[in-house]
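> The residues making up each chain are set out below.
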Amino acid sequence: MSFLFPADGVLMRARGLTRRYPMPKTKLFEPRSYTSALEDADVDVREGTALGIIGESGSGKSTLVRLLLGLDVPTSGTVEFDEREVDARAPARALHWLRRETGIVFQDPYASLDPRMSVGRIVGEPLWALGLGGDGEPGSHDRRARVREVLEDVGLEADMADRFPHEFSGGQRQRIALARALVHRPRVLVGDEPLSALDVTVRAQILQLLGELRARDSLTLVLVSHDIGVVQTLCDEVIVMKDGRIVEEGPTEKVLLQPQVSYTRRLLASIPVIDPGA
Amino acid sequence: MSLEVQDLTIDIGERRVVDGVSFEVPDGARVGLIGESGSGKSLTALAILGLLPDGAHAGGSIRWNGREILGLPDRELAQLRGDEIGIVFQEPRTALNPIRTVGRQIAESVRIHEGLGRREAAARAVAEAARVALPDPERIVARFPHQLSGGQRQRVAIAMALACRPRLLIADEPTTALDVTIQAEILELLLSLVKDDGMSLVFITHDLAVLSQIATHGVVLEDGRVVEQAPVSHLLTAPQSAVTQGLLRDATATLWRPGGIA
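Protein chains in written order, with the numbering used here: chain A, 352 to 629; chain B, 27 to 288.
Do not take every clue at face value.
Computed Cβ-Cβ distance ranges for the label pairs, DEER-style [to be verified]:
hint : chain 1 : residue 1 : chain 2 : residue 2 : range
1    : A       : 486       : B       : 207       : 20 to 26 Å
2    : B       : 99        : A       : 468       : 46 to 52 Å
3    : A       : 520       : B       : 207       : 30 to 36 Å
4    : B       : 207       : A       : 506       : 30 to 36 Å
5    : B       : 169       : A       : 443       : 38 to 44 Å
6    : B       : 251       : A       : 520       : 16 to 22 Å
7    : A       : 613       : B       : 50        : 42 to 48 Å
8    : B       : 272       : A       : 376       : 51 to 57 Å
9    : B       : 207       : A       : 393       : 39 to 45 Å
10   : A       : 468       : B       : 46        : 39 to 45 Å
11   : B       : 97        : A       : 376       : 55 to 61 Å
12   : A       : 491       : B       : 272       : 52 to 58 Å
13   : B       : 207       : A       : 382       : 31 to 37 Å
14   : A       : 375       : B       : 97        : 48 to 54 Å
Simulated from the structure, these hints should not be mistaken for lab results.
Note that beta-carbon positions come from the ideal geometry of N, C-alpha and C, so glycine has one too.
Construct all of the structure, not just a fragment, from the sequences and the given hints.
Below you can see the structure in the form of structure tokens.
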């Protein structure tokens with residue numbers, strides 16, 4: 352869909368983004384040392400495109416998306432959403448505008464759904480919390496109808512709104528988490544390893560669903576994954592991270608099929624492929 | 027030294043979760059058990075080891091080297107595990123004791139099973155650490171699990187499993203919790219150790235690509251039943267059952283394709 356938008360249609364922009372954490376002091380009179388989770392990252396996410404962020408554990412993928420969403424405060428650097436500055440230090444209410452524009456799905460559908468809330472309340476909560484109606488505009492109208500609609504969008508049944516998370520399988524729970532992330536009609540959907548905890552069958556289904564939603568709603572997608580096949584299928588652009596730095600970026604086919612950096616080549620060579628002759 | 031599982035059933039309460047599973051692991055063979063969560067592959071492995079959780083009951087027959095081992099008393103099973111059958115689990119963090127050095131944990135199995143003294147066992151631990159290619163083995167044995175990386179911890183778990191040179195290794199998703207570059211190293215290590223010792227291997231995985239790298243023979247499980255078993259090359263090129271075909275199709279849809287998307 353990216354060709355529909357001008358080349359500078361950047362929706363999320365990060366410049367010099369850095370996040371360091373203090374290490375515990377080991378010597379009394381020496382200065383505290385810091386470890387860097389993210390160092391000097393520049394990122395542009397263009398509207399309507401899908402960006403994949405790949406790299407191994409501890410490479411800074413999750414730190415980057417947390418900062419992009421204003422969920423963590425950078426040590427230095429800036430984040431803009433649609434040319435508006437994201438100030439993660441501000442009180443939660445001051446970032447409601449950003450919450451309306453974004454939705455997030457995490458890895459573990461067992462940990463991310465409150466077991467005491469009905470599916471309808473879980474899915475509808477962003478509308479209540481952000482003071483939005485079912486059309487994504489301010490107001491309190493049509494929320495129930497929107498919850499039922501979005502449940503059907505993600506391949507569940509509208510009547511499931513009255514049930515509780517424990518009644519659902521892992522794949523269904525991830526659909527519920529996806530419905531919750533989409534209920535307020537965000538422009539950007541961020542997934543932090545949204546498929547990693549799922550069986551292959553379910554993974555293929557959710558992958559297909561994400562592709563459909565993207566095509567239908569021209570949703571912008573930011574997908575963190577160590578699963579390169581998923582990124583290859585879904586994303587237009589890809590960022591490769593290692594030790595808190597972006598080591599390579601570009602169009603997906605170019606980065607994955609003609610990697611320029613030795614780390615990317617090593618990462619790709621490690622991925623097992625189905626090889627009947629092995 | 028062959029393993030024969032025949033008509034294995036496992037009941038948890040009223041529910042039959044493994045239903046008539048039969049397969050064979052001839053001496054030196056590498057067999058993969060493949061299936062999705064809940065297909066019964068891990069329970070089957072635990073039954074072979076006599077490690078089923080409380081409340082689970084196994085029926086049928088598991089013969090190791092011709093001898094029935096299903097229902098053996100705990101003491102005899104404990105002797106068998108480690109001595110003749112080794113095990114590596116998915117998550118090395120939970121498989122290791124956090125308050126003991128890794129050297130002591132590797133030494134423990136040779137002290138118990140081979141009756142070595144403290145000093146000999148400590149020297150042996152260093153040798154075993156070197157065998158699984160842990161860096162700087164003499165110093166690493168003095169460390170605690172939390173001081174190691176995930177891949178190093180899994181190497182320790184492999185060293186513990188293989189210290190007594192078992193004839194059969196059971197590996198339950200040993201690389202699922204690891205990054206891909208580390209997974210590649212661990213698979214390579216396992217394969218070379220298994221081949222060097224002429225050990226048999228039962229490898230549990232949900233990943234057809236990993237299966238194709240490590241096993242020669244695959245047993246496909248669904249809902250506690252075997253739906254297909256065949257050489258891995260057959261499973262991947264001419265799957266007979268709908269289940270295998272589905273797994274292959276879904277895996278291919280989400281797998282990395284080095285040649286690009288057709």
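> Taking the hints in turn, state whether each one holds.
Hint by hint, here is what the structure shows:
| no. | hint | in the structure |
| --- | --- | --- |
| 1 | A:486 x B:207: 20 to 26 Å | 47 Å, violated |
| 2 | B:99 x A:468: 46 to 52 Å | 48 Å, holds |
| 3 | A:520 x B:207: 30 to 36 Å | 31 Å, holds |
| 4 | B:207 x A:506: 30 to 36 Å | 34 Å, holds |
| 5 | B:169 x A:443: 38 to 44 Å | 42 Å, holds |
| 6 | B:251 x A:520: 16 to 22 Å | 19 Å, holds |
| 7 | A:613 x B:50: 42 to 48 Å | 44 Å, holds |
| 8 | B:272 x A:376: 51 to 57 Å | 55 Å, holds |
| 9 | B:207 x A:393: 39 to 45 Å | 25 Å, violated |
| 10 | A:468 x B:46: 39 to 45 Å | 41 Å, holds |
| 11 | B:97 x A:376: 55 to 61 Å | 57 Å, holds |
| 12 | A:491 x B:272: 52 to 58 Å | 44 Å, violated |
| 13 | B:207 x A:382: 31 to 37 Å | 34 Å, holds |
| 14 | A:375 x B:97: 48 to 54 Å | 52 Å, holds |
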